[in-house]
Amino acid sequence: MKIKHIMCTFFSLMAIVGLMGCKDNNNNENNNITEKNSSVSDTGTNIVSSAPNNGKIQSCTKELFAMDTYMTVTAYGDNAETAVSESLKEIQRLDALLSTGSDSSEITLLNNSGSAVLSEDSRYLFEKADSIYKSTNGAYDITVFPLMRLWGFQGDDPSLPTETDIKKTLELVGMDRVKYDNGKITLGSGQSVDFGGIAKGYTGDRIMKIFEEYDIISGVISLGGNVQCYKIKTDGSLWRCGITDPNDPSGMIGKVEVADKAVITSGGYERFFTDEKTGKTYHHIMDPSTGYSADNGLISVTIVSRDGTLADGLSTACFVLGEEKAVEFWKQHSSEFDMILVTDNNRIIVTEGIGDCFSSEHDFEVVEK
Amino acid sequence: MNKDTRKKSKADVMLIAGLAVVGIFLILYLLLFSGSGKIVEIRVDGNVIKQLPLDTDTVYDINNEYGKNRIVIENGEAYMKEADCPDGLCKNMGKISRKGQSVICLPHRLVIEIKDEQVSSDDVDVIVK
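Going line by line, the protein sequences match chains R and Y.
Just so you know, we're using our numbering here: the first sequence kicks off at 1 and counts up by one.
Just so you know, we're using our numbering here: the second sequence kicks off at 370 and counts up by one.
Read the hints as simulated data drawn from the structure, not as lab findings.
The reader is advised that the hints may include incorrect statements.
Quick list of in silico lysine to aspartate or glutamate cross-link-like pairs, DMTMM-like style, CA-CA up to 25 angstroms [what the hints assert, rightly or not]: (1) K450/Y to D275/R; (2) K484/Y to E361/R; (3) K464/Y to D235/R; (4) K450/Y to D157/R; (5) K437/Y to D157/R; (6) K233/R to D485/Y; (7) K277/R to D456/Y; (8) K437/Y to E270/R; (9) K233/R to D430/Y; (10) K464/Y to D68/R; (11) K419/Y to D494/Y; (12) K460/Y to E270/R; (13) K450/Y to E120/R; (14) K184/R to D235/R; (15) K450/Y to E270/R; (16) K460/Y to D156/R; (17) K484/Y to D235/R; (18) K484/Y to D494/Y; (19) K407/Y to E163/R; (20) K464/Y to D156/R; (21) K231/R to D491/Y; (22) K464/Y to D157/R; (23) K407/Y to D248/R; (24) K484/Y to E257/R; (25) K280/R to E163/R; (26) K450/Y to E257/R; (27) K460/Y to E163/R; (28) K233/R to D491/Y.
Residues of chain Y placed beyond 12 angstroms of chain R at every Cβ, according to the derived structure [as the list claims (entries may be wrong)]: (29) L421; (30) D424; (31) T427; (32) V428; (33) N432; (34) K437; (35) R439; (36) E451; (37) C454; (38) D456; (39) S471; (40) I473.
From the three backbone atoms N, C-alpha and C, an ideal C-beta is built for every residue, glycine too.
Please build the complete structure, drawing on both the sequences and the hints.
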């Protein structure tokens, strides 16, 4: 009897140890595949640095809080660490240059004085903004800034302004009243501008250039949810970008697989408030023609393009345009970008160029040229 | 000799039965309690301050120089229950459960992110929002 008991216990223990061993092995294997983050802080910025993931390819991921949002930069290659550090410096440089929240930025100085000779970066941004303004018939307009301030979307506590105030402020809006000649800019009386709608896209483009300079073999950045992918993944597959569900920001409406592309979404779900009196919800994407939140049937617009600055500006512009006009606009510019639209009755519309790389659990329509 | 064999087979039966019982309990335990393996990582200023399993209901309070936050893990989802930040945006960011999803409280430099060591086919590399 005793022997039996001992044997039973012994074998049982063996079985337990055996099973537990399996579990541990699995975990170990996974650890080898997955990048392990160690938290190392350096150069005084807020960053997470990660160790090389498999001994062959150097990788580096760092995060920081800038441009009123949370950003992560990941690069693979021999110079990954340097490339990512340089990227963070570039983000901080552009933030200091373009921020409307800083008293000393080039844009604040311009808004205060009404005229300026623009730096190289701001020149590029202004010209790009002007070209999107013209091609979209004013759906994207950097002079909506006074409206944004009136509504309080720049601050912590946005609220519904009076109709009179909206009308009054709307008179200040219109990029056609800005005079621009080869870097010399003069705003119309009372006007102020904000490059916030394209600054992150431009920052992404700048980081792609840094990746190129440092011979990065693969990389991905998320600047507050604005994603830009550099080349393909190190395993040879495309980057899989999940698109946030505008009805439930914790879910996804689908994913798009890309290489060398910016993927940028604008949605009313990002910043909004509900007015207590009217019970209506207002979001931060201003329609420059009405002075109110854009309300043209779309709840999310995702632009896929090689050009991050363009993608950023167009995500706002197409949101304001609404489905019909946005599709019309795409047909004329289909070589420059593709898009994924979600309408307020939950249809998903995808343009031809990414029809094959978009996948979703939901039904979606593919628009052809 | 004959007696010996009989004795052995009896021991064998006991052993097999014992192992079977232990095995069944172990399998049940692993199925029920080992969970998804997903981790809720909490970072302040880029430094990991806590890692919690997503499958265990937890309330985690943060009180530092930036302010107060209450993170709740409930039914396999994590969310910001309370925050004394000026904009309160983090409380509207919804509940997260998928790998790579995050809730961010900018004023408090706080990031909650779902991490998963398991690789699955419907994963994405990055989330656009």
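(message) Tell me the numbers of any earlier hints that the structure contravenes, in ascending order.
(response) 3, 9, 13, 14, 19, 26, 27, 37, 38, 39 and 40
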